[in-house]
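Assemble the complex: chain W is given as a structure, and chain S must be docked to it using the hints.
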Amino acid sequence: MVRASLMLLKDAGRGFCKSLSQILVCPLSKQPLRYSEETNSLISDAIGVSFPIKDGIPCLVPMDGKIIEADDMPKADDAADLSSKNNQ
Amino acid sequence: MRGLLSMYQRGSLSLWRRTKTLTTTNEPYRILLSGSFSTDPDGNQSSKVNIFDRQLKRKQRDRAAWLMRPNDSFVDAVAENLLDRLEDCKKSFPTALCLGGSLEAVRRLLGGRGGIEKLIMMDTSYDMIKLCKDTEKDVHNKNIETSYMVGDEEFLPLKESSVDVVLSCLGLHWTNDLPGSMIQCRLALKPDGIFLGAILGGETLKELRIACTVAQMEREGGISPRISPLAQVRDAGNLLSRAGFALPGVDVDEYVVKYQSALELIEHLRSMGETNALLQRNNMLNRETALATAAIYDSMFAAEDGTIPATFQVIFMTGWREHSSQQKAKRRGSATVSFKDIQKKFGNGN
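Chains W and S are the protein sequences, given in the same order.
The numbering of the first sequence is UniProt numbering, which starts it at 1 and goes up by one.
The numbering of the second sequence is UniProt numbering, which starts it at 1 and goes up by one.
Just so you know, the hints here were simulated from the structure itself, not pulled from any lab data.
Do not take every clue at face value.
[As the list claims (entries may be wrong)] A short list of chain W residues far from chain S (calculated; beta carbon distances all over 12 Å):
| no. | residue |
| --- | --- |
| 1 | Leu24 |
| 2 | Glu37 |
| 3 | Glu38 |
| 4 | Thr39 |
| 5 | Lys66 |
| 6 | Ile68 |
| 7 | Glu69 |
[Stated by the list, open to error] Okay, derived cross-link-like pairs now, DSBU-like style, lysine-lysine, Cα gap no bigger than 30 Å in a straight line:
| no. | chain 1 | residue 1 | chain 2 | residue 2 |
| --- | --- | --- | --- | --- |
| 8 | W | Lys66 | S | Lys59 |
| 9 | S | Lys130 | W | Lys54 |
| 10 | W | Lys30 | S | Lys159 |
| 11 | S | Lys159 | S | Lys90 |
Model, not experiment: these values are computed from the prediction.
Just so it is clear, CB atoms sit at the ideal spot from N, CA and C, and this is done for glycine as well.
Pulled out of the complex, with its shape left as it was, chain W reads as follows (with noise of 0.2 Å):
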């Protein structure tokens, strides 16, 4: 899982700057962030948040960060913990 993700994040620097997503991880849950293409967001999968890419500037703030309603997220509901303590 985390090497897939991590040979993800390699293909990810057209998106934004490459060195960049070598070091970027997930603010919360500190694990590795996934680049979606279609979105153009990184997703933390550990916590099923995305974060979106403005501009090939990524928006790592919590407040910032999306809930994913999809259903291949395995642990959404510690997704929606985080997150409301956040909006807090």
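Showing chain S alone in chain W's frame:
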């Protein structure tokens, strides 16, 4: 009811006190209020106290991106002083992380110091980062690869051991959890990496603090917090060692900036994004009070030439991530020579 209150008393004294003061003033809401204090899960679980409104600070920094002065002498002096510390190290720092605050000045004044090859700039404000990105071509740092991101210092989105130096110029004094942010900075550093931070200290804007208090007392008959609580010099050393930095170092500089009037001072603060962002702030500023503050500031502190001084105390903090090559104090009790013997040998004069 008495039983309920005594239960709280046993649990926590401060809670009981709070309930008591409330019950004396608001008799009908007695049970409701005391209940809400005890059952609130967040109030009991998290020990975190929020002092600053981070969301407001973001907005203020967004505005500051538009108001920013091209060559602010105060900000430049602080950034210059901070970057000067890089020259004191023999080591070079290929990857640098520059945190919010006056990051534009840091980049402009870098001038090849510290052997930085990759610079990551991070701020909570998108507009500020966008501005830095747009003005990239004006800066003559050709061989530095700069990348940009929006992030919160309290939730640092960086992998462990990924950067060689963390620079933070006048930004960290707005974090609610300063030790937590500094611990995250330390974790983001590679072993033997350096943390360089400049924060505003407790003496900052002491004249404005006095003027605000006097004016509010005079016009409104009470005071509300207008200037944020800032770290004292002695706290800075504790902060560094609490965050686990090795070889901590703290030094202080005081800058006195002269303005034509108090209103100009406020404008300067606004352009730096340093205006009030306390959670408990008073949202209204009475026009009368504001003018009275300016007048009191002028009459109490004005210099002979008509300008008014404002003090900025800047605390510079230096800390290293631990590494085996660094010098360390020996374990207590591991000495093989007694101090008495040393005195016998060298202390002939006494």
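Taking C-beta pairs only, is Glu38/W more than 12 Å away from all of chain S? Since the minimum Cβ distance to chain S is about 21 Å, Glu38/W lies beyond 12 Å and the statement holds.
Is the Cβ of Lys66/W more than 12 Å away from each Cβ in chain S? Given a closest Cβ separation of 15 Å, the condition holds.
Given as non-interface: Leu24/W, partner chain S, CB spacing beyond 12 Å: Not fine: 6 Å to the nearest Cβ puts Leu24/W too close to chain S.
If you draw a straight line from the CA of Lys30/W to the CA of Lys159/S, is it 30 Å or shorter? OK: Lys30/W and Lys159/S at ~7 Å, within 30 Å.
Under the criterion that the straight-line Cα-Cα distance not exceed 30 Å, is the pair Lys130/S, Lys54/W satisfied? Roughly 10 Å between the alpha carbons, so the hint for Lys130/S and Lys54/W holds.
Report holds if the minimum CB distance from Glu37/W to chain S is greater than 12 Å, and violated otherwise. The claim holds: Glu37/W sits with its nearest Cβ about 18 Å from chain S, beyond 12 Å.
Using Cβ atoms and 12 Å as the threshold, tell me whether Thr39/W really stays out of contact range of chain S. Since the minimum Cβ distance to chain S is about 17 Å, Thr39/W lies beyond 12 Å and the statement holds.
Take the C-alpha atoms of Lys159/S and Lys90/S, compute the straight-line distance between them, and say whether it is at most 30 Å. With Cα atoms ~26 Å apart, Lys159/S and Lys90/S stay inside 30 Å; holds.
Least C-beta distance from Glu69/W to chain S larger than 12 Å: 22 Å, holds
Classify the label on Ile68/W as holds or violated, using whether its beta-carbon is more than 12 Å from each beta-carbon of chain S. Ile68/W clear of chain S: closest Cβ-Cβ about 17 Å, beyond 12 Å.
So if I understand the rule, the pair passes when the alpha-carbon distance is 30 Å or less; does Lys66/W with Lys59/S pass? 20 Å, holds
The structure fails to meet hint 1 from the earlier list, while all remaining hints are met.
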